[in-house]
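Trainee: Read off the chains here:
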Amino acid sequence: MNSMLGVLLRVPLFQLYRKFGWPQLLPVNLTLSPSPKCNSRCLTCNIWMKRENELTIDEWGKVLSSLGKAPFWFTISGGEPLMYPHVVELAQLAYEHCRPGIINIPTNAILPIIPERVERIARSCPESQLIINLSLDGIGEKHDYIRGVKGNFQKFEERLGQLLILRKELKNLIVGIHSVVSTFSIGHLDEIIAYADKSGVDQFITEIAEPRVELDTVGLPITPEPAEYATAIDRLITYVNSKTYHGMSRVTEAIRVEYYKLVKKILDEQDQVIDCYAGWASAQIYANGTVWPCCVRADDLGNLRDYNYDFKEIWFGDKIKEVRRSVAAKECYCPLANASYTNILHDLPTLGRVTSNLVRPHRVPASPPVAVKPASIHQSSELQ
Amino acid sequence: MTLDWLTKFHGRLKKSRDYAEKTLASYRLGMRAKGSIIGVALRPGPNCCEQIKELAEGKIYHPDEAPYLPLPDCPRGSNCECVYRPVMTYQEREPQVKG
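Sequence lines, in order, name chains A and B. Everything in the first sequence is counted per the working numbering, starting at 125 for the first residue and increasing by one. Everything in the second sequence is counted per the working numbering, starting at 105 for the first residue and increasing by one.
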C-alpha cells in the first residue's frame, strides 16, 4: 500500500473521512521535528532560539511503531535536521516501522558531517526515495545575509558538490535546491533560478515565506506582496514548464507548479481555495512530543508522552475534533507547501492538472531567466 | 497583511503555565547568539486591560525586563489574548530597547 498508487487509492477514503468522520485513517504525510536547534540565523525564522524537552530516540521509536505502514511521506524537519545527533537512527526507525515511499529532509548545508549522514540514511533505507533539499536564498553574500551565517554560501557549494557525487552511487537519493521566497529574496529569485538551472540538481523548488506559530514569525513582514509574488512566480512556472524532469522529481515539479498557482490564489482570495487536509491526511510531531495538525496553526492536539506514545490515541481522540471543525469551516488558510501537497492530491481538478502535466510530451529546454557567473557553480556543473 | 486570521488565532491559543518564561528565554538566547532579534514587544489582545496597553505602547523590551504574560491581575488567566512578539532588526520601528 506504500506506493504513490496506494496514496491515490486512499484519496476517496480521506475525502469521506474529512466529510463524515469515517473511515478513520492515519495520516499519509507526517513531519517529524526532532529538535528546533539550528546553526542558521535566518531572517525568516526564529525556531532556532527555542529549546525543548525533546523526545529521546527510544521515545521516537515507540511513536513510529504506533503508526504502522500508514505514512507514505515523511519530512524530517527542524531546526537543522541533519544537525540532530540521532537523525540517522530516526530515519531508520521511520523506515523500519513505516516503510515510507519518501523521506524528505531539508538542510542548510553547513555542517561537514551532512554527506556522511545522508549516505547512511540512503543506504539503510533502500526502498525509500531520500530527498535532500539544500536551502538557497541568494547567491554569494545575499545568501549569507538572509541565512545570517557568513560563509554559508561557500559551504552550500561544498555540500552540493559532495551530495551530487553521492547521488551517482545511491539510486534512491534525490538532491534538490529549495528556496524560500521572502521579502528579502524575491528581488533576486531569477538569479537563484539561473543558479539552480546550472547546478546539476534533480529539482528546484520554492516555498513562500509565511508566518507560522512554529517559527515564531507571526506578524513579521516576511511574506512578499501578492502582486510581487505573482510576477516572480509566473517566471518560475514558465521556467519549470520548459524543463524535463525524471522519476520522483517529475512528480514533485508537476505538483509544485500547481502549488505555485495555488499560492497566488490563496494570497489573492485570502481563502483555503481547495480543501485543507491538515488534521486528516497530514500532521506534524514537534520535538517535545506534541502533535500538531500543521506548523502554521500548531494547535496542541496532545502530547504523545501523555498517551503512551500511541499516535492513534491523539489522532482518533476528542481534542482533534474541534480543530478539524475549524479547518473544515475555513477559519484558516495558508500557503504551507507541505500540507498543500496533500491537499492537491485530494482535489480532483488540481490532481487532474498534475496528471496532465505528467503525461505531456517533454519540451525543449529553455534558458533560465538570467545568466549567472560561472565561478559560483564551479563544482556542481562539472559533476553532471 | 497576509494571514490576518493567524494574528488573531495566535492570541487565542491557550497559554501554557511557562509561556512567559519559555518565550522570553528563547528571545534572550536569540539576542545572546546574535540573531536578528533586537527585543520583545507586547501585542495586546482585542479585549485587553488598560495596564497592558500602557505597557505595550511603542515599547521594545529586553527579555530580562519584559513583563510576564498573562499579567498577574489578568482576569482571563491562561486564556489571555495578549502575546509576545519578537522585534527584528529589519522591522520599521526604531529600536529603543528598554532596560
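Among these hints, one or two may not hold up.
Said to hold, decoys possible - Restricting the straight-line Cα-Cα distance to at most 25 angstroms, the calculated cross-link-like pairs of lysine to any residue (SDA-like) are:
no., chain 1, residue 1, chain 2, residue 2
1, B, K138, A, P345
2, B, K112, A, G324
3, A, K274, B, Y194
4, B, K118, A, E176
5, B, K138, A, A354
6, A, K161, B, E158
7, A, K143, B, W109
8, B, K112, A, E251
9, B, K157, A, V337
10, A, K266, B, T193
11, B, K112, A, G272
12, A, K161, B, K157
13, B, K118, A, L294
14, A, K389, B, K118
15, B, K118, A, K266
16, A, K161, B, S120
17, B, K126, A, K143
18, A, K436, B, S120
19, A, K161, B, K138
20, B, K138, A, T307
21, B, K112, A, K266
22, B, K118, A, G272
23, B, K118, A, R448
24, B, K163, A, G343
25, B, K118, A, Y457
26, A, K389, B, K119
27, A, K443, B, G115
28, A, K292, A, S248
29, B, K119, A, R448
As the list claims (entries may be wrong) - Pulled from the structure, derived: some chain A residues nowhere near chain B, Cβ distances all over 10 angstroms:
no., residue
30, N170
31, T180
32, V212
33, N296
34, H312
35, K322
36, S366
37, Q394
38, T474
39, G476
40, L482
Hints are computed from structural coordinates only; laboratory data are not their basis. For each residue, glycine too, the CB sits at the ideal point set by N, CA and C.
Trainee: Hint by hint, which ones does the structure fall short of?
Mentor: Hints 2, 5, 6, 8, 11, 12, 13, 14, 15, 17, 21, 22, 26, 30 and 37 not satisfied by this model.
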